[in-house]
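Going down the list, the protein sequences come from chains A and B. Quick note, in this note's numbering, the first sequence goes up one by one and the last residue is 324. Quick note, in this note's numbering, the second sequence goes up one by one and the last residue is 1272.
Just so you know, these hints were derived from the structure itself, not from any lab. Please read these numbers as outputs of a predicted model, since none were measured by experiment. Even glycine gets a Cβ: it sits at the ideal position worked out from N, Cα and C. Don't take every hint at face value.
Said to hold, decoys possible - In silico negatives: residues of chain A with every beta carbon more than 10 Å from chain B:
#1 PHE103
#2 THR192
#3 LYS216
#4 ALA287
Claimed, not checked - One-sided excerpt, in silico: chain B residues whose CB lies under 8 Å from chain A:
#5 ASN1009
#6 THR1086
#7 PRO1110
#8 MET1143
#9 THR1197
#10 ASP1201
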Amino acid sequence: MSNAAVTAATASRAIDADKSALARLGAAFVGRLVIIVPYVWLLFFFLIPFVIVFKISLSQTAIAIPPYTPVLDFSDGISGFFAQLKQLSIDNYLWLTQDALYFNAYVTSVIIAAISTVLTLLVGYPIAYGMARAPAAIRPTLLMLVILPFWTSFLIRVYAWIGILKPEGLLNQLLLATGIISQPLIILNTYTAIFIGIVYSYLPFMVLPLYSALEKMDHSLIEAAKDLGCPPTSAFWKITFPLSLPGVIAGCLLVFIPAVGEFVIPDLLGGSQTLMIGKTLWNEFFANRDWPVSSAVAVILLLLLIVPIMLFQRAQARAQEQDR
Amino acid sequence: MNATWSRFNITSIVLGFAFLYLPIVLLIVFSFNESKLVTVWGGFSTKWYVSLFHNQGLMDAAWVTARVGVISATVATVLGTLAALTLTRYTRFRGRMLFSGMVFAPLVMPEVITGLSLLLLFVAVGLDRGFLTVTLAHITLTMCFVAVVVQSRLVTFDRSLEEAAMDLGAPPVRTFFQITLPVIMPAIVSGWMLAFTLSLDDLVIASFTSGPGATTLPMKIYSQVRLGVTPEINAACTILIAVVAVGVIAASVVNKRREVQRQLDEQAAQRG
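Modelling step: build the complete structure from the supplied sequences, incorporating the hints.
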């Protein structure tokens, strides 16, 4: 081999080494980017906004209107959004404690969400159980059928119930025609309508985690219990239900947390007589244009939900570990 | 028939699905109602669809919604896929707890809180409310749903495929585009569709973050519902349902065909 060839080979090997070092560096950079881009996005659009909500909730009422809202006029002028941040106060929180409306709204929301969650579990469990026991060939179809309503608009699905529950609506027409009742039932604009709306809208959120827990279950356990003389009901409570518990917890959290702050359902089905915190916040913001008080309402709501949200996050992380 | 699939199981499934689908079916049926009263049948008619297409406000809102949906779903799919990769591949880095918290929390966060907080952010940075702010808000919400969908596919992904590619000298980035991406593609597609429908569907966050000239379809429908239920809204809802249903069914057919093809390929590979 000539000298020149050796030199060329060495050089090309050096370039190769260089290239792979560069590639490794590039890969490391890309790897960093994979983390950094979504991280920064969520920090900026999810976490920082909460800090701002907290700040605004400590500001004085009535100045924090964006300058481009034409319907409002202020005698003292709109001195800018940040000016009032200098004079932080807890007045808005005191205001929330002084008016019983807010306290009642929080308590009612939690109670309504809790009852709805239990109802959704009672409706969803038999469905999920039936799906998990179905012949394997039709399970994907059943799963698809549960997911499909979730793809259609939430607003539309709630709206559909107005026509059914109205005093002159389809349900009352049916019940009157069959002679079951003689007077139309008043369901729309009551808490009953809210329960129906939440159970209906959130049912897929309950069924899916329940199904995935029940489907994984080893059915031979039940057969073994049966062989040993265990009656079906106690086999259910001793084996099936405990094994489906992760699904029950995930489903309940998925229903309960958003239901506490629900707006569309209490607004469209609950009418003006029902009280829920999501609606209160909305009215405070859009009707009263009181941004600081609605921020304070949001902060308290978030504090109320922080424990369930952390439980949910931990359940998700654990499920992810198990899948791995 | 499976012996353990009892009559009780079948009954609960049938009743459950009736409960899920009956309201939607009734809504669609009454969109073809001749009578203006939504709940009294007055004969078949498509006149509400005709009047719908002459309703300029609704048509404008539909166009805004479609654009917000496509743009936000596309960006959210990229960001959500990156977030899913981070969650499954980088198990150790500083602030991982915070990151997974920020991915999972928006899934259950009441919309009024998300909407209000995003609005206050936009005001704080001096961004005028409108098309851009709604789109940014929807990206933030939907990227977390995409992340969960893609992540559930990634955890079952066979990493040895990637290792094989890298052993054969493929650099990591190329390995991702040639091996990983094709395998998780169905999850990415369904993530995009989920993001698109969530954006199409959202009323609360859009109401907070939208401004003049960027009224979305749900906002329009909501303001009309508050004035009273009309067959025209039923017609608008029916069209929305039809669009989504066609999309979902088409995607599942494509997915199924691809799955069958993949199985055939695998069998062929094993034989050959």
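Is the nearest Cβ of chain B still more than 10 Å from the Cβ of PHE103 of chain A? About 18 Å separates PHE103 of chain A from the closest Cβ of chain B, which puts it past 10 Å; holds.
With a cut-off of 8 Å, does the beta carbon of PRO1110 of chain B approach a beta carbon of chain A closely enough for the hint to hold? holds, 2 Å
When you look at the beta carbon of ALA287 of chain A, is every beta carbon of chain B farther off than 10 Å? At roughly 12 Å from the nearest Cβ of chain B, ALA287 of chain A sits farther out than 10 Å, so the non-interface label holds.
Let's test the interface hint: is any C-beta of chain A closer than 8 Å to that of ASP1201 of chain B? Holds - the Cβ of ASP1201 of chain B comes within 8 Å of chain A, reaching about 4 Å at its closest.
Should the label of THR192 of chain A as a non-interface residue stand, given a Cβ cut-off of 10 Å to chain B? holds, 15 Å
Closest C-beta approach of MET1143 of chain B to chain A relative to 8 Å, hint status: holds, 7 Å
Tell me if THR1086 of chain B is really an interface residue toward chain A, meaning its C-beta lies closer than 8 Å to one of theirs. holds, 5 Å
Tell me if ASN1009 of chain B is really an interface residue toward chain A, meaning its C-beta lies closer than 8 Å to one of theirs. Where the cut-off is 8 Å and the nearest Cβ of chain A is about 4 Å from ASN1009 of chain B, the hint holds.
Interface hint outcome for THR1197 of chain B [beta carbon to chain A under 8 Å]: holds, 5 Å
Would you check whether the claim that LYS216 of chain A is not at the interface survives, using Cβ distances to chain B and the 10 Å cut-off? holds, 13 Å
Of the numbered hints stated above, none is contradicted by the structure.
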